[in-house]
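Enquirer: Each chain, written out:
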Amino acid sequence: MILGGRAVKIGDHVSTDQILPGRYMSLTDAEELGRHALEGLDPEFSSRISPGDILVAGVNFGTGSSREQAPQALRAAGFPAILAASFARIFFRNCINIGLPVLWSPQASEGISDGDLLKIDTTTGAILDETNGASFDTSPMPGFVASITEMGGLIPYALSRSGKRLFETEGERTG
Amino acid sequence: MVGVTVDLVTCDELSFPQVAAMIRTLGVERVFDGDRVAVVADHETPARDLVSAEHMKATRVFASEFEIGHLLDAGEAGIVHVVVPERGLVSPGEIMAGYDSHVLTAGALGAFAVGIGATDTAVAMAFGELWLRVPESVRIVVDGEPRPWTTPKDVGLQIVARLGQAGCLYQAIEYDGAYPASLAMDGRFTLVNMSIEIGAKSAAIEPDAIALDYLQGRGARISEPVWADAGASYAATHVFDVEGLAPMIALPSAPDSGVPVSEVAGKHVDQVFLGTCTNGRLTDLRVAAAVLRGRRVHPGTRLVIIPGSPEVFRLALAEGLVQIFADAGAVIGPPGCGPCAGLHMGVLAGGEVGLSTSSRNFPGRMGSPESLLYLAGPAVAAATAVAGEIAGPEEVVGTRPPKEIAVSVRGRVE
Ligand code: SF4
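Chains A and B supply the protein sequences, listed in that same order. In terms of my numbering, the first sequence is residues 1 to 175. In terms of my numbering, the second sequence is residues 1001 to 1414.
It is possible that some hints are incorrect.
[Unchecked claim] Okay, derived cross-link-like pairs now, EDC-like style, lysine to aspartate or glutamate, Cα gap no bigger than 20 Å in a straight line:
hint : chain 1 : residue 1 : chain 2 : residue 2
1    : A       : 164       : B       : 1129
2    : B       : 1403      : B       : 1389
3    : B       : 1403      : B       : 1145
4    : A       : 164       : B       : 1033
5    : A       : 164       : B       : 1029
6    : B       : 1267      : B       : 1394
7    : A       : 9         : A       : 42
[As the list claims (entries may be wrong)] Far from chain B by the CB rule (all over 12 Å, computed), these chain A residues:
hint : residue
8    : 39
9    : 47
10   : 49
11   : 63
12   : 68
13   : 124
14   : 125
15   : 132
These are computed hints drawn from the structure, not numbers from a lab. Every residue, glycine too, gets a C-beta built ideally from N, C-alpha and C.
Given only the sequences and the hints, what does the whole structure look like? Please build it.
Expert: This is how it looks when you write it as C-alpha cells:
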C-alpha cells in the first residue's frame, strides 16, 4: 500500500495515557475516540491534524497501559500509518492487531520534520521525505503480519483463515 | 515473527467484557480448549458496584456458553497471577499468554509467559494461536547473601533501581545465579513478577526440583521442560552481587527509584497495603506475621492485608497468621488485587501517603492523583505499620527474624 501524507511529529516516550486519557476508555464510537486522540499531549491536538496525516513519533511510543483504545483512537483520528523511532511492546502488537500499519525507524523519526510531505510504501517499508528529499528503508513486516495489517486487523484476518492454521511461520524466523 | 500454539490463555474479569465481545465476532461456538482458558475475578471482586456486578453476571453466562473451563469467581477468586500456578494450569516449558502486563509471573516456573492485547486474547481464546516477535534474551545473574530480613522483593527493587524502567525493553530475561536458585517458589514469583517494571517481555528461572515439587499434586501437565542450552548467547548479562543488601524502598512515584529503607526512615505513612501479585503469597504473610506478632498497628496508620488467593488465605488461617493480623489491628480483605490499581478496597485519598507491597507506584496508582506511594517488601511494610512511619524490621524487631516462624525470608524451612 502506498500512502502519501503530511508528517505530524511528536516526541519521545509518549504514553497510552497521553494517546487516549483513561477517562475516555469507555467510549465505543470511533469518531469520538478519534476526537480525543493525543489529547493528553496537547488538548488542541485534533484541530492540528487532518485525515491522511502520518504520525511520526520518537522512542518508546505507546508505553504504559495495554489499552487497545489507544491505537484505535489514532486510527479514528485519520492516521493511515504510524512511524516511530521505537515502539512499546504491547502497543506495537495492538496497532498491528487493529490493522494500523507501523514503521519502525530511528533514522526516519530523526530525519523527518513536522509538516514534511511523506510517501510511504507499507509493503516494502520504503519512506520518502518529499520535502527534503531524504529516503529511509525500514524492514517490511514479514509474511502474515503484513497480511494482518492489509486485511484490517487480526479479527478479519482470523475470519479469512476459515479453519486453517492462523500463522504460517516457515522461513520467517526473523529474530 | 513466529506463530505459536498457546498452552494457556488468561484474562481478568475487569478486561473480559471487551474480549468476550470480540470472541463473539469470530464466529466460534466455544473456546479452542476449555481446559486451557482461564478467566479470573481479581480486580473488582466481589463486585464493587453495579457496573462490575453486571459485567460479572454477563461473564458467567458467556463462560458457560463458550465452555470456558476455568471461570474463577466468588470463593475461587484470587489474583490471576497467583491462582494460575497454584492450580497447576501452567507448566515448565509451556507458552502462556494473557491480557495483563504481570502475566510474565508464571515464568518463575520456567514457562514462557507474556502479556498481550485484547484482540490477541480474543483470537488466542478462540483458536489457541498467537503471533510473537521473537525477543532477545538477556541474563540477570544474582549472587551473594543479603541481610537476614532482606526479601526477594528487596532484591527485585535493587535490580529495577539499577537497570531502570526501560532496562530490558522487549527482552526475555533469564534469572541465574545462586540467589534465585536458593528461593522457594513464592520468592521466585516475586522476583520474576517485577521484571515488567524494567520493560521485559518475559522472564524465567530454570525449572528445577523446587519448581517441580511445587507443581506436585496440583494437576499440572508436566512435560519435558525446555531450557536454554549451555553456552546460549545473550544480548547482555547483568550481574548483581546482593551480599549484605539491606531492605529497600522505592520512592514516589517510580518503581525504579529504590533506596535503602534507612534513607527515608521516619516519614509518616497513612496506610500500608500488604498483598498483590508481587507479595500476596504465604511466605509474604509469614514474614509480615513475624513482625506483627505481639505488636499493634500504630494508631495513626492503617494496615490493609489482602491474601493473593483462597489457598493463601486458607493456609494463613490454618497457621494462625490471620489471628496475628487481626490481633495487631489490621483490616483483612478477601483475595484479589485490592487497592493495587486504585480500584477497590482501600484506595488512598488526596494528600495521603501509602506504602504498598505491589510493584508499581506511578502517580495516582493506588487512588487519588494527589496521593503518594512507596513500594517495599512485606517485612518493611509490617514494620512501617507498627512504627506509623517508614521503618525497617531490624529497628522494630531486631536483626534476625524470630526463630519460631520456622521459615527464612526465602520461604524455605531452615
Ligand atoms: S495485584 Fe496489582 S499489579 Fe497485580 S494483577 Fe492485580 S492490579 Fe495488577
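Enquirer: Give a verdict on every hint.
Expert: Comparing the hints with the structure gives:
no. : hint            : in the structure
1   : A/164 / B/1129  : 11 Å, holds
2   : B/1403 / B/1389 : 26 Å, violated
3   : B/1403 / B/1145 : 19 Å, holds
4   : A/164 / B/1033  : 17 Å, holds
5   : A/164 / B/1029  : 17 Å, holds
6   : B/1267 / B/1394 : 17 Å, holds
7   : A/9 / A/42      : 12 Å, holds
8   : 39              : 17 Å, holds
9   : 47              : 26 Å, holds
10  : 49              : 24 Å, holds
11  : 63              : 8 Å, violated
12  : 68              : 5 Å, violated
13  : 124             : 17 Å, holds
14  : 125             : 14 Å, holds
15  : 132             : 30 Å, holds
Checked against the numbered hints above, the structure breaks hints 2, 11 and 12 and satisfies the rest.
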